[in-house]
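Visitor: Whole structure, please, built from the sequences with the hints as guidance.
4 protein chains.
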Amino acid sequence: MSMPDAMPLPGVGEELKQAKEIEDAEKYSFMATVTKAPKKQIQFADDMQEFTKFPTKTGRRSLSRSISQSSTDSYSSAASYTDSSDDEVSPREKQQTNSKGSSNFCVKNIKQAEFGRREIEIAEQDMSALISLRKRAQGEKPLAGAKIVGCTHITAQTAVLIETLCALGAQCRWSACNIYSTQNEVAAALAEAGVAVFAWKGESEDDFWWCIDRCVNMDGWQANMLTWFLFVFVTSSLFRLYQLSKAGKLCVPAMNVNDSVTKQKFDNLYCCRESILDGLKRTTDVMFGGKQVVVCGYGEVGKGCCAALKALGAIVYITEIDPICALQACMDGFRVVKLNEVIRQVDVVITCTGNKNVVTREHLDRMKNSCIVCNMGHSNTEIDVTSLRTPELTWERVRSQVDHVIWPDGKRVVLLAEGRLLNLSCSTVPTFVLSITATTQALALIELYNAPEGRYKQDVYLLPKKMDEYVASLHLPSFDAHLTELTDDQAKYLGLNKNGPFKPNYYRY
Amino acid sequence: MSMPDAMPLPGVGEELKQAKEIEDAEKYSFMATVTKAPKKQIQFADDMQEFTKFPTKTGRRSLSRSISQSSTDSYSSAASYTDSSDDEVSPREKQQTNSKGSSNFCVKNIKQAEFGRREIEIAEQDMSALISLRKRAQGEKPLAGAKIVGCTHITAQTAVLIETLCALGAQCRWSACNIYSTQNEVAAALAEAGVAVFAWKGESEDDFWWCIDRCVNMDGWQANMLTWFLFVFVTSSLFRLYQLSKAGKLCVPAMNVNDSVTKQKFDNLYCCRESILDGLKRTTDVMFGGKQVVVCGYGEVGKGCCAALKALGAIVYITEIDPICALQACMDGFRVVKLNEVIRQVDVVITCTGNKNVVTREHLDRMKNSCIVCNMGHSNTEIDVTSLRTPELTWERVRSQVDHVIWPDGKRVVLLAEGRLLNLSCSTVPTFVLSITATTQALALIELYNAPEGRYKQDVYLLPKKMDEYVASLHLPSFDAHLTELTDDQAKYLGLNKNGPFKPNYYRY
Amino acid sequence: MSMPDAMPLPGVGEELKQAKEIEDAEKYSFMATVTKAPKKQIQFADDMQEFTKFPTKTGRRSLSRSISQSSTDSYSSAASYTDSSDDEVSPREKQQTNSKGSSNFCVKNIKQAEFGRREIEIAEQDMSALISLRKRAQGEKPLAGAKIVGCTHITAQTAVLIETLCALGAQCRWSACNIYSTQNEVAAALAEAGVAVFAWKGESEDDFWWCIDRCVNMDGWQANMLTWFLFVFVTSSLFRLYQLSKAGKLCVPAMNVNDSVTKQKFDNLYCCRESILDGLKRTTDVMFGGKQVVVCGYGEVGKGCCAALKALGAIVYITEIDPICALQACMDGFRVVKLNEVIRQVDVVITCTGNKNVVTREHLDRMKNSCIVCNMGHSNTEIDVTSLRTPELTWERVRSQVDHVIWPDGKRVVLLAEGRLLNLSCSTVPTFVLSITATTQALALIELYNAPEGRYKQDVYLLPKKMDEYVASLHLPSFDAHLTELTDDQAKYLGLNKNGPFKPNYYRY
Amino acid sequence: MSMPDAMPLPGVGEELKQAKEIEDAEKYSFMATVTKAPKKQIQFADDMQEFTKFPTKTGRRSLSRSISQSSTDSYSSAASYTDSSDDEVSPREKQQTNSKGSSNFCVKNIKQAEFGRREIEIAEQDMSALISLRKRAQGEKPLAGAKIVGCTHITAQTAVLIETLCALGAQCRWSACNIYSTQNEVAAALAEAGVAVFAWKGESEDDFWWCIDRCVNMDGWQANMLTWFLFVFVTSSLFRLYQLSKAGKLCVPAMNVNDSVTKQKFDNLYCCRESILDGLKRTTDVMFGGKQVVVCGYGEVGKGCCAALKALGAIVYITEIDPICALQACMDGFRVVKLNEVIRQVDVVITCTGNKNVVTREHLDRMKNSCIVCNMGHSNTEIDVTSLRTPELTWERVRSQVDHVIWPDGKRVVLLAEGRLLNLSCSTVPTFVLSITATTQALALIELYNAPEGRYKQDVYLLPKKMDEYVASLHLPSFDAHLTELTDDQAKYLGLNKNGPFKPNYYRY
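Residue numbers (my numbering), protein chains in the order written: chain A, 1 to 509; chain B, 1 to 509; chain C, 1 to 509; chain D, 1 to 509.
Wrong hints could be hidden among the right ones.
Identical copies look the same in the list; a pair holds intra-copy or inter-copy alike.
Unchecked claim - Calculated lysine-lysine pairs in the DSSO-like style (CA-CA distance at most 27 angstroms, straight line):
id, residue 1, residue 2
1, Lys457, Lys141
2, Lys368, Lys411
3, Lys135, Lys492
4, Lys466, Lys492
5, Lys368, Lys356
6, Lys411, Lys135
7, Lys368, Lys135
8, Lys338, Lys368
9, Lys498, Lys356
10, Lys310, Lys338
11, Lys147, Lys411
12, Lys356, Lys492
13, Lys135, Lys338
14, Lys492, Lys338
15, Lys94, Lys492
16, Lys356, Lys466
17, Lys338, Lys466
18, Lys498, Lys338
Rather than coming from a laboratory, the hints here were simulated on the basis of the structure.
Guide: In structure tokens:
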């Protein structure tokens, strides 16, 4: 599927389907969203407050804490380079300029730029789809005039996205969505390249909001002319945009990038297939062969975990609440049980439900010695970790992200990442998967930015099928995969346009 | 998920979602549909004509031919018993009565009833969900007063469905949808049990329509009071009901059973995973290990075929037109190629596209000696078999359903089932899968029959999620699978009803 | 590994290792053996008696019965052509001549030769290694002067072997090793081609011995000059040649072809991986997904069965007596249990032990309704079928090779092939696997025939590693596989000859 | 298989089989060996020299260098704790005593003992077989009086072995076999527990030999009364003991532990199945799905790597020199190619051959950008890394163990561990696998120590089958696996002892 030489990028507006099923959608957190700011001067503070109200339910402090803790070790391979915390001066106190004389940024140490540039270059090698998009649209600059404010993990992969947006014509200002996840060297490289980035590893909570403020309210920047706000939660989100929409408080159109097929299948099924093994190995060096594992939940995440574990010789049991998913588990060769039936015998417990208190203290009490417990699902609610904070149990931190919780009789339960997301905390996410997400976001931004007045209202939109297919097609060259094209005759027979979309929206893949 | 003691069966009307995407849906043939007849006397003949108009595009004759040919050998294990074609008298000429004195049927030989009963009993053992439904609803007779006309393959499995409908209170009259697929003994057993069945193996075309006519227009039957028409195409359909709807010619509500999750995933993914191996073995005794296979199309059918073949050691290549499916194939470990790239080297070619002329004469010319070619997809259009009917090629029928097409240089291509559906022609469909389809149909019938006036209009409806989940739950006991129930607290947290539905309609499974 | 242009075939004598571990070896039946007859006139009758003494332990009659029954349906795809048993005249009574005027054979109907020739040609397409050997050695005729007497199943595949031996210079006389397994058309084709074949489907016991006698003691044949005796039990053997050797009664050298790597791994592991699915499908149409299966024994046969069943979604349990195999099963992801632990819950029981009474009446009593029981292992001893022949149980033959054994409470156990080998009885063996066996046999014959006086004594020899490797190399072109050759430098580094052997004899593969 | 209550441990001497195939065996490096010292005072120095002569072929220095480099990062999870190299004083200069007042050791810092104890305790949880052996034999003290000198990696897992030997009655003195691999905390814990350990991370070469000397030649120790020398190369060995034996220079019996079934299958097949993924992820974060990988060599190591990679969605090609292994690869569903055929297209190259220069500069020149190259096989010879040390290529160390080698045109090849063993360098070995090796070694020591005079001569012995089975049986409880016991009748039928051995020595598993 070649992209048409003549831009603009796929005009998809007329095929868009409003996300009517908000009731349903709200049950499923989504992760990546792009929204368009209104053209007129917006009360960003108000908007911001809307965005930030939700977190304050549990308190702003606990939000940043929980995010930060869960991400302390993410991107560990690279993060190790950022540990040199010899420099105790707060970046806010420093005076730094990049080689072009600009000081429109605030990072840990601009001198680390070269190292960060190398990390970005490594990431680019696995994000060829984004680079390809960059090259195709570079001449046309479809984001010319766009002024984008971003708030994400600041990693080599996001840097590739940011620099792609810049290459397409946008001006970007960026801050971190997590006080611990910033790769300082990458931030330095972005700053050196001219991006207004405000982020470092180990921000205080006050720093966190200061950075966002600096991003949004920059004096020399006509933020009110056209502002974008981009929320990219790489692998999990605490935020439910649909609630705003439902409450009539969404003053800009937004596009739900998360429910795109590529995003769902790749970030969930395939990504978890890869990261569950990685996360368990890096923390416990456990051998998979012959291990009895119970996986709670057989959605995409659970399917991915189970496929990998079974493939490496584990014996996997499933718990499910949904009979359809349960039937799939049966057909895929897994026994579907209630947790209590197997809790005494399993070596590993993995939660993938999106639910809360799936693993209770009662379950934990019945586990056998050395049982490993971890969470691949959602937030940090699935395992009732709080119930383990009682006097008769001893906690022993044996390695980073690994606690032994010791019962009075000496039994030890091995708790990973304190019940937070294992793959965020203890493994890396394949760059290629991040490339799919980032490419989708870039396309959604282009579409929203270029859409004619009125195409999008103040609502949440699902990504059009055709755009999804386009993102997929951009990633095929990485696999040296060759698509077959329909002949005219075949297209007519099938009633399809030769360039897609090829499936109805409800197609399940 | 236990079914409530107090019937009625899941009231699902209010949750129904109209199938708005008719444009899309039309691209995908569906297979199983149940429709409700209008209460007033209907012009069945007219209706019938609507149903039969489509086939006449290619001519009524070719319809029955193509169906019949593709099914000659289906259900071969059992069908072998029906081969005793020593009796040359047409069933229409015979005077037969069952043991209760009724002659309200027309079958090959009523004396074969006992044998057929045994086949039905064997089938019942793998259709425990349907039996379970039968038992649960038997007291209430939710189909009391329903007068159902059916037109399906008449096999042991359909017999279990028919007898379930009867047990739930319906009166049934049944004919065959295919002139060759009837299991005579099963038809005899149904007749013996009091079902008005009109079908035998080897009907002429005239017989075919005579049987349908006898089914519908029976003098002693108040067919006009309430009539159902049930079309069950077990694994493929030539008919597109949505076209009627779109044209405003659908005078009754219909329920698209085919796009239910259980139906799609089981009839396609899982069923093909099982039957591709069976079909190839029974026809060619081919060893799978190390064979190079190209599978055209990576939808559910293709996915099922590929999973099985890869699992048994074949090296599988994929062709695809859809970049999303292509990307899935890549991630699943298959090389995505154009057919021309591998056509010279592969040992087996399997089509699963739903498209036409996917394998052309040019491809066939380039295949290597002994290459096996077959179709798992749709109809008999995928392989351009017609192009092989040329003078320079010799056809040699080497076994049932197996032709060697011989090129002048001695090269042989092994063509299975003359390009018709392999799994319909050369393998059996697992009874368990048919149970899912049949249970879904029975539930759809109950819902349509019991729905209050006005719930369903003259349109095509998708099966409600909750009903889908209910069908799935009925099949879990076969696997000794135990569902987990949400606590009140968890249900509240997730915003779900504890009895489902558990997923939004767009969920992809 | 190219075969040297200049013959002779790999001289392997000096590398032969005597099979010293006779004690051990006797525990494992072997299947294919080639022996060299002494040069002087041998008392074939005596020899024969030695060979036939063992069977008479259980009675000659029961031997032929049990073999014959177990093979009634083997090679079913082709065997169906031999059913036309309208002709009731015994072949021994008939006067038949082939087109060249010879009547040196006794088959069912020489007129079926053309049909049989086609079956042979089909088989040749999957036996390219044997054809390749035929072509390479045809000029040199390494079997010139050899007079081979064979006694095997007479199928298209054996025909390819026989005709290869003829092409290499041998004169062959052949009879059937089983009174039911002969493909009449193939026998006719061999007779037409000039092979002295004496065999037909449905021989009486008297016929059986008459045929062997005619093979061996032909007046016009200098059998005493040089005689070979070739025993080929395709997939199982009742005979233990080592016992003769041990008892000092082996008057000719013999080569144990069965314990060659290619034979073991292919006939057992890979062949069972393919045939277990086929055998279960053809008899029961069972769906594999989600089925609970217990496999007794995790040797090569068990490993093959388990791999296939797990791959298709079954949940597999293992029983084992050997802790090493048990540990392998664990690491491969199977639960190792005692049969009693799972017997109430499983859907299928498969024996692969080589042991007797592995499944007892007690186990059978505890199985659940519809449980399928079958044997993939050895002989017919593994399931205690005799224990089911009691008055309170009803046997119902529901299909060919399928019995329902019905308990007083209505419970049915589905017994396949009456406990005999499932893959021999109910599925086909891939021709490719038979090609490996046949090629190995042909090479062993060439080696024994050409070995200098004294290389082989009256003992049983294992196939030399190099010959095993040569057989393997002949089969690689079927997969378009390309071997890498060692450089001189690498060969020196590894201390290997560039042409092999590449592994020590004890290497486990 | 229960161990007899009455010790001694399985008397296996009479069943031992001399390893006659020294010629063959020498081609395959083995890894773990235990030898018995002569009772009379031995010239350990001489012995030592014999052992050390081989290394000096390439120079003692290069030996220690190559070992050390390859192990720098092994056991990384734990090794991270040993990084606190603030203390620059050489341990040899320090005066340290443990809490009981002993200073009979030399470690980095005795104060780290508590931390090391915890690591040992964690390891014990996955080494329950060894603990079980410890408990069973503790009363009897089968090693009472044994004085064992060991030279191994000093890790938590070896510590469990050492402490088991002590618990069984032995006195142990231990040094490190690698100057970098010692876990300082573990060494401290051993010293605290009373083991005479001489080892620390970062020894100089002089330190290395000083430690061994201190181990062997301790004044206060009657080393000449009974001395053992234990060489445990955990995952690779440079030494070929058979050469000594062949040269008549082996003055003690030795037992080749490496060729035991459990060792081979677990350390190679299963261990590599687990560690290949781990090693690639920790170094490159590569996504496996859809990656094209060529694996050179399809022995046990290659089989393990391929199984894991295929299971996670990689497309795997094989190169092989041995036609039998090549045929296995074909049947397992891999294309067998020459390296040149695929070198341009693959994403990852993995060597598992034991050969040298398998990947040459020419291959490296042809690889595509970002291709990853690593070695899982043997030593550091498989990839011709030296050929990359040329002026036109730039090396860039991007992460620990990861180099980018950059061609003039900008192409980067990602070289892992500089071509040394990936799993030793960049991943961990599952503790469970080490448990198998360690248990085998402990049993071999017990056997050699308790064997009556004359049972073992100055030769190299293979582990008796029964001992192998016993080791396996000790590991089954970890999987909650239950062995089936033969009935008397069955044992008689099979001609087996009910307690094993169950297979002939040549059985291939």
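Visitor: List in ascending order the numbers of the hints, as given earlier, that are violated by the structure.
Guide: 3, 11 and 15
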